[in-house]
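Asker: One-letter residues, chain by chain:
2 protein chains.
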Amino acid sequence: MRIGELSRRTGASRRLLRYYEEQALIVPDRGPNGYREYDERYVDRINQIRGLLDAGLPTRIIKQILPCLDKPRSIHFPDATPQMLALLATERDRLSERIDVLVRNRDAMSEYLAEVARCRAPEDCGTQ
Amino acid sequence: MRIGELSRRTGASRRLLRYYEEQALIVPDRGPNGYREYDERYVDRINQIRGLLDAGLPTRIIKQILPCLDKPRSIHFPDATPQMLALLATERDRLSERIDVLVRNRDAMSEYLAEVARCRAPEDCGTQ
DNA sequence: CTTGACCATCACATCAATGTGAACGTTTCA
DNA sequence: TGAAACGTTCACATTGATGTGATGGTCAAG
Chain P
309 MRIGELSRRT GASRRLLRYY EEQALIVPDR GPNGYREYDE RYVDRINQIR
359 GLLDAGLPTR IIKQILPCLD KPRSIHFPDA TPQMLALLAT ERDRLSERID
409 VLVRNRDAMS EYLAEVARCR APEDCGTQ
Chain S
309 MRIGELSRRT GASRRLLRYY EEQALIVPDR GPNGYREYDE RYVDRINQIR
359 GLLDAGLPTR IIKQILPCLD KPRSIHFPDA TPQMLALLAT ERDRLSERID
409 VLVRNRDAMS EYLAEVARCR APEDCGTQ
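Heads up: the protein sequence lines correspond to chains P and S, in order.
By the working numbering, the letter at position 23 of the first sequence is numbered 331, and the numbering carries on one by one without gaps.
By the working numbering, the letter at position 32 of the second sequence is numbered 340, and the numbering carries on one by one without gaps.
Check each hint, because a few of them may be wrong.
Identical copies carry no separate label here, and so any pair may be met within one copy or between two of them.
Heads up, simulated SDA-like pairs for lysine to any residue below, C-alpha to C-alpha not over 25 Å straight-line [what the hints assert, rightly or not]:
#1 Lys371 x Ala416
#2 Lys371 x Val424
#3 Lys371 x Arg406
#4 Lys371 x Ile407
#5 Lys371 x Asn341
#6 Lys371 x Glu405
#7 Lys371 x Pro340
#8 Lys371 x Val411
#9 Lys371 x Arg412
#10 Lys371 x Ala397
#11 Lys371 x Leu361
#12 Lys371 x Arg400
#13 Lys371 x Arg344
#14 Lys371 x Thr398
#15 Lys371 x Leu421
#16 Lys371 x Glu419
#17 Lys371 x Asp415
#18 Lys371 x Glu423
Just so you know, these hints were derived from the structure itself, not from any lab.
Given only the sequences and the hints, what does the whole structure look like? Please build it.
Answerer: The following block contains the structure:
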């Protein structure tokens with residue numbers, strides 16, 4: 309698969325795929341013509357990267373913890389150094405905190421929308 | 309309260325507080341000497357802004373939906389235009405999606421950490 | 001062979017969030 | 001009164017994640 313198809317399948321722009329490569333998050337093969345060649349696994353990989361970026365992790369951290377989250381999970385963590393595990397645990401906790409904040413904000417939005425909706429039916433609100 | 313204290317109480321740098329003001333997210337009063345004067349409500353306000361930014365909303369969107377989320381909730385939504393409500397609903401849904409992704413990632417991290425921990429106790433892993 | 005759809009690199013632009021520092025006024029307190 | 005701590009504006013710089021466009025190579029189909 310070349311960059312265009314991967315872009316289509318992941319929703320990440322070509323530019324962004326090249327950026328991830330520049331940041332050493334992925335290392336696609338190159339065809340004889342210089343074209344990047346991605347195999348199936350890159351679809352998940354890209355989605356995972358985007359999820360982690362979305363979680364607020366910077367690329368340099370993602371680069372470190374990504375090997376821990378590789379697809380054939382388990383029986384695979386031979387080279388996880390204690391520091392990497394600590395880093396991973398720290399980031400997970402930070403992520404949990406962020407999730408809490410986000411959930412609170414979403415709930416506040418929902419609450420507001422619900423109030424407005426509730427108020428629009430009985431036909432009385434505003435100054436009441 | 310002046311900018312230093314607000315900074316201390318919210319964790320946002322003075323610089324950032326001025327930046328939010330520049331982005332029209334907040335409009336603090338000014339004392340006769342030109343100093344910014346913030347009242348208590350700004351503490352929550354700043355935290356809310358940071359939460360929304362953290363949620364991935366750009367400042368220009370936050371500026372629009374923030375009035376909807378104001379502190380004395382309810383009996384306050386007289387000027388919410390239909391477009392604002394639609395925007396708010398859209399953003400809430402996007403936020404929900406993001407939360408799902410984040411939760412999945414956190415769970416993957418936890419799962420990995422749990423596996424490593426489980427494996428370290430029985431004193432056999434790696435090549436097994 | 002040419003056209004169109006790909007691909008490549010390079011470079012410039014933007015946006016959010018920050019840092020830094022200059023140059024300067026204010027408040028407080030010993 | 002003078003120093004320390006705090007405030008102001010302005011401006012330039014950087015970082016991370018992206019967008020956009022220029023310029024040019026590759027390749028398949030008409």
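Asker: Go through the copies and call it for Lys371 and Arg344: within, between, both or neither, with a Cα cutoff of 25 Å.
Answerer: within (20 Å within a copy, 41 Å between copies)
Asker: Using 25 Å as the alpha-carbon threshold, which applies to Lys371 and Glu423: within, between, both, or neither?
Answerer: Between copies, since 21 Å is at most 25 Å while 44 Å is not.
Asker: Quick one: Lys371 to Asn341, C-alpha cut-off 25 Å, is that within a copy, between copies, both, or neither?
Answerer: neither (28 Å within a copy, 48 Å between copies)
Asker: Please sort Lys371 with Ala416 into within, between, both or neither, judging by C-alpha distance up to 25 Å.
Answerer: between (34 Å within a copy, 16 Å between copies)
Asker: Is it within a copy, between copies, both, or neither that the alpha carbon of Lys371 lies no farther than 25 Å from that of Asp415?
Answerer: between (33 Å within a copy, 18 Å between copies)
Asker: Is it within, between, both, or neither for Lys371 and Leu421, if the alpha carbons may be no more than 25 Å apart?
Answerer: between (39 Å within a copy, 17 Å between copies)
Asker: State whether the alpha carbon distance between Lys371 and Val424 is at most 25 Å within one copy, between copies, both, or neither.
Answerer: between (45 Å within a copy, 19 Å between copies)
Asker: Can you give me the call for Lys371 and Ile407, within, between, both or neither, at a CA distance of at most 25 Å?
Answerer: both (22 Å within a copy, 22 Å between copies)
Asker: Please work out whether the CA atoms of Lys371 and Ala397 approach to 25 Å or closer within one copy, between two copies, in both situations, or in neither?
Answerer: within (15 Å within a copy, 34 Å between copies)
Asker: With identical chains treated as interchangeable, where does the CA-CA distance between Lys371 and Glu405 reach 25 Å or less: within a copy, between copies, both, or neither?
Answerer: both (22 Å within a copy, 24 Å between copies)
Asker: Up to 25 Å between alpha-carbons, please classify Lys371 paired with Arg406: within, between, both or neither.
Answerer: both (20 Å within a copy, 21 Å between copies)
Asker: Give the relationship of Lys371 and Pro340 under a CA distance limit of 25 Å: within one copy only, between copies only, both, or neither.
Answerer: neither (27 Å within a copy, 51 Å between copies)
In summary, the numbered hints that this structure violates are 5, 7.
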